[in-house]
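Undergrad: Sequence:
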Amino acid sequence: MLTQKNIIVVGLLLAGLTVALGAFGAHALKELLTANQRAETFELAVRYQFYHSIGIIVVGQLLASFNHRLLRISAGCFVAGIILFSGSLYALAILNTTKLVLLTPLGGVCFIAGWALLAYGISKSKASQ
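Sequential numbering from 688 applies to the sequence shown in the working numbering.
Among the hints, a few may not be true.
Here are the computed lysine-lysine pairs in the DSS-like style, where the Cα-Cα straight-line distance is at most 27 Å [stated by the list, open to error]:
1. K786 / K717
2. K692 / K813
3. K811 / K692
Source of the hints: derived by calculation from the structure; they are not laboratory data.
Please put together the full structure from these sequences, using the hints given.
TA: This is the structure in structure tokens:
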């Protein structure tokens, strides 16, 4: 089961990975991304991974006040979104192949579902004092 602590740790690890990927893209992959004309694609993947890594951390913190199972599901949606959305964009940028691009919108749906479930879970939970 995803505990509050586990959710926060996953968010923190994904945020750290985001910084590493951003630096790797800006330095080690710069020539490749420029040659593939995919630097903006890589940056978009990094940006959305970072936003949703922070979202996962926020969900973990919110669990202290709004302990509802939908918040845990929303964190899972954010992780799935990072894998599908950002992962497919990383593959597009680095491999310059469109084979995984169909996963990108599914990742976007996971992100949207995560935010919607987060809002709904908070609205349905009883805040602890």
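Undergrad: K692 and K813 were given as a pair; does the straight-line alpha-carbon distance stay at or below 27 Å?
TA: Roughly 20 Å separates the two Cα atoms, so the pair holds.
Undergrad: Are the Cα positions of K786 and K717 separated by 27 Å at most?
TA: 22 Å, holds
Undergrad: Holds or violated: K811 with K692, Cα cutoff 27 Å?
TA: Holds, at about 22 Å.
When the structure is compared with the earlier hints, no violation turns up for any of them.
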